[in-house]
Amino acid sequence: MEKAVKAAERQAAASLSKQQRKRTLSVVRKPYWFEKFHWFITSDNHLVVSGRDAQQNELLVKRYLRVGDAYVHADLPGAASCVVRHKGALGGVGAEVSPVALQEAGCLAVSRSSAWKAKMVTSAWWVGAGQVSKTAPAGEFLPTGSFMVRGKKNFLAPQPLEMGLGLLFKLDEGSVGRHTKERRERGEVGGEEEGGEGEVERRRQEWLEKELVRRREDLGAMELRALAALPTDSQQWAVMRAFEAAVGAGAPGRRVRSKSALLAQEIQRQVVLGSQAPALASKGRREGCGEEVGKEDQEGTEEDATPAVSRRAAAREEEEGLLALLEEEGVAGGGGEEEAEVEEEQRELRRLTGRPVSEDLLLFAMPVCAPYSALAPAYYKYRVKLTPGAQKKGKAAHQALEVFVRDREATPREVELIKGIADNELVAACMGDVQVSKPGIQAALLKAKRSKATAKVKASRGR
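Numbered by my numbering, the letters in the sequence shown go through residues 1 to 463 in order.
Because the hints were derived from the structure by calculation, they are not lab data. These figures come from a predicted structure and were not determined experimentally. Where is the CB? At the ideal position from N, CA and C, for every residue including glycine. You may find that some hints are simply not true.
[As the list claims (entries may be wrong)] DSS-like cross-link-like pairs, simulated, lysine-lysine; straight-line CA separation at most 25 Å:
#1 181 x 381
#2 392 x 30
#3 117 x 419
[To be verified] Now the in silico label distances, taken between C-beta atoms and shown as ranges:
#4 425 x 144: 39 to 47 Å
#5 378 x 144: 37 to 45 Å
#6 140 x 173: 29 to 37 Å
#7 135 x 364: 15 to 23 Å
#8 172 x 144: 22 to 30 Å
#9 29 x 2: 49 to 57 Å
#10 155 x 345: 26 to 34 Å
#11 8 x 437: 25 to 33 Å
#12 30 x 77: 45 to 53 Å
#13 158 x 52: 23 to 31 Å
#14 344 x 59: 15 to 23 Å
#15 344 x 52: 34 to 42 Å
With the hints as extra help, turn the sequences into a complete structure.
Right, here's the structure in full:
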């Protein structure tokens with residue numbers, strides 16, 4: 001009789017334990033705008049976004065491709081259209097997309113194509129934002145997700161077909177200071193290393209600022225009033241954006257930097273020396289920017305009879321007319337607003353870390369699928385390698401999750417956040433037709449299998 005009672009009690013306890021649900025507080029987070037696309041963060045903190053289908057490719061280029069960004073693609077069926085977003089305003093240090101970011105974006109473009117199943121290593125290419133257009137030649141039609149690329153394509157070196165699945169953690173505002181040196185570009189001001197082109201650019205900017213102060217002290221009252229009538233920095237920045245878009249539409253992508261740099265130099269020359277040459281030439285004179293600057297200098301010396309203030313006013317009127325035209329076409333939306341948008345995006349990216357420490361206050365975890373070279377151990381604590389294989393994305397994603405949860409260095413808070421990742425979010429981030437690999441993955445999967453078998457045996461005995 002006692003045995004029957006004890007058996008009934010055990011059975012009742014087992015049934016109650018199944019019915020009880022553990023109450024946990026989960027933070028309902030607001031998804032980032034780029035999470036609806038394929039995305040990742042490069043090793044130097046550039047955001048790379050690519051479309052999942054033709055409709056998303058269309059949306060990505062029309063809404064999120066800005067002047068200064070890079071468009072990366074591959075001549076393969078199903079290749080992703082990738083947008084590498086720049087990190088700063090045009091003309092500033094670190095504004096251009098780095099070669100490392102372009103290589104990693106090229107790896108994503110090839111891996112998200114038919115080359116993955118075929119295990120074919122090939123090259124991707126990139127162009128500037130001004131070279132991408134939706135306008136087709138006369139008599140032709142561009143389907144959804146297709147674009148016309150004008151000018152020269154810059155081909156990248158072939159990359160191995162190695163992707164990875166990692167985890168990023170959202171940091172509290174007070175914990176960001178511990179991760180300021182993560183994903184820094186070499187030569188970037190404030191990073192661990194300062195050298196090469198970054199150091200030269202920094203010294204050049206310092207020299208220009210000192211020279212500007214010295215030249216302003218030598219100017220008279222009339223010249224200072226004329227300088228006050230020049231366009232503001234935001235207007236000059238918008239004009240530079242329009243100039244780069246115009247140059248990029250008909251010139252190779254690698255020449256955009258030199259011509260925009262010449263324009264920036266010309267604007268600085270106007271502010272410092274009070275040059276009589278207008279900031280922008282006509283469309284026909286843009287083709288030889290370097291030669292026309294010299295011609296404008298000669299014209300300025302020949303027209304000394306014209307008052308300098310009136311010539312500067314004419315230059316300002318010309319730029320205002322161009323800005324009005326750009327606003328009508330939706331090209332110039334205000335340099336200050338876009339600068340604030342870029343800064344806000346970089347601030348949010350800095351709050352995402354792949355290597356949390358015990359002192360950090362973590363808010364949530366999110367999966368990211370990126371080229372394996374971008375998931376370096378210095379930046380990511382949780383990562384697995386994905387190579388072409390036969391596993392479906394659901395099975396591969398759950399295998400990776402088991403490896404992350406059973407990591408020896410995982411803290412209880414990190415394990416809690418990892419388990420809180422939704423299944424649909426995890427599966428959507430992962431790739432299909434893959435093989436998951438990581439040192440010790442077989443031991444972790446075997447341990448998980450044994451623990452499930454043990455729990456099943458205990459449940460059967462309780463019955």
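Evaluation of the provided hints:
Taking the CA atoms of residue 181 and residue 381, the gap is near 16 Å; set against the 25 Å cutoff, the hint holds. A hinted pair counts as satisfied when its Cα atoms are at most 25 Å apart, and residue 392 with residue 30 does not qualify at roughly 28 Å. Restraint check: the Cα-Cα separation between residue 117 and residue 419 comes to about 31 Å, which exceeds 25 Å; the hinted pair is violated. Between residue 425 and residue 144 the beta carbon distance is about 27 Å. The supplied range of 39 to 47 Å is therefore violated.
For the pair residue 378 and residue 144, the supplied restraint of 37 to 45 Å holds, since their beta-carbon distance comes to about 40 Å. About 51 Å separates the C-beta atoms of residue 140 and residue 173, a value inconsistent with the hinted range of 29 to 37 Å. Here the CB-CB span from residue 135 to residue 364 is close to 42 Å, at odds with the stated 15 to 23 Å. As the Cβ distance of residue 172 to residue 144 is approximately 41 Å, the hint placing it in 22 to 30 Å is violated.
A C-beta distance of roughly 53 Å is found between residue 29 and residue 2, which places it inside the suggested range of 49 to 57 Å. Residue 155 and residue 345 have their C-beta atoms about 28 Å apart, which keeps the hinted 26 to 34 Å range intact. Checked against the hint of 25 to 33 Å, the pair residue 8 and residue 437 fails, with Cβ atoms roughly 49 Å apart. For residue 30 paired with residue 77, a C-beta distance near 35 Å fails the hint of 45 to 53 Å.
Between residue 158 and residue 52 the beta carbons are some 24 Å apart, a value that agrees with the proposed interval 23 to 31 Å. Checked against the hint of 15 to 23 Å, the pair residue 344 and residue 59 passes, with Cβ atoms roughly 21 Å apart. In this structure the hint that residue 344 and residue 52 lie 34 to 42 Å apart at CB is violated, the actual value being about 25 Å.
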